[in-house]
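Using the sequences plus the hints, can you model the full thing?
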Amino acid sequence: MKTYARIEKNIVKELFSTEEKITKLFHPDMQWVDITASGVKISEGWNYINNTFIPEKKTSIL
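Residue numbers for the sequence shown follow my numbering, so the first one is 59 and each next one is one higher.
A few of these clues could be false.
Restricting the straight-line Cα-Cα distance to at most 25 Å, the calculated cross-link-like pairs of lysine to aspartate or glutamate (DMTMM-like) are [as the list claims (entries may be wrong)]:
| no. | residue 1 | residue 2 |
| --- | --- | --- |
| 1 | K115 | E78 |
| 2 | K71 | E114 |
| 3 | K99 | E72 |
| 4 | K79 | D92 |
Hints listed in this document are in silico derivations from the structure and should not be mistaken for laboratory results.
Dropping the structure here:
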């Protein structure tokens, strides 16, 4: 099974796991990146810039 991150405007919008080819499941205009072997626990909200995942910056409200 592979896990993919859906990228929209350089941000990870959702994660999706499947045994099917991702290109057969979704419209080709959607950008999916295979993160199966990334070695990092990528989450929704992360940035994806120049083929690199960057964690979301957390801000605290005081």
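Review point. Among all the numbered hints in the text so far, which are the ones the structure does not match?
Key: 1
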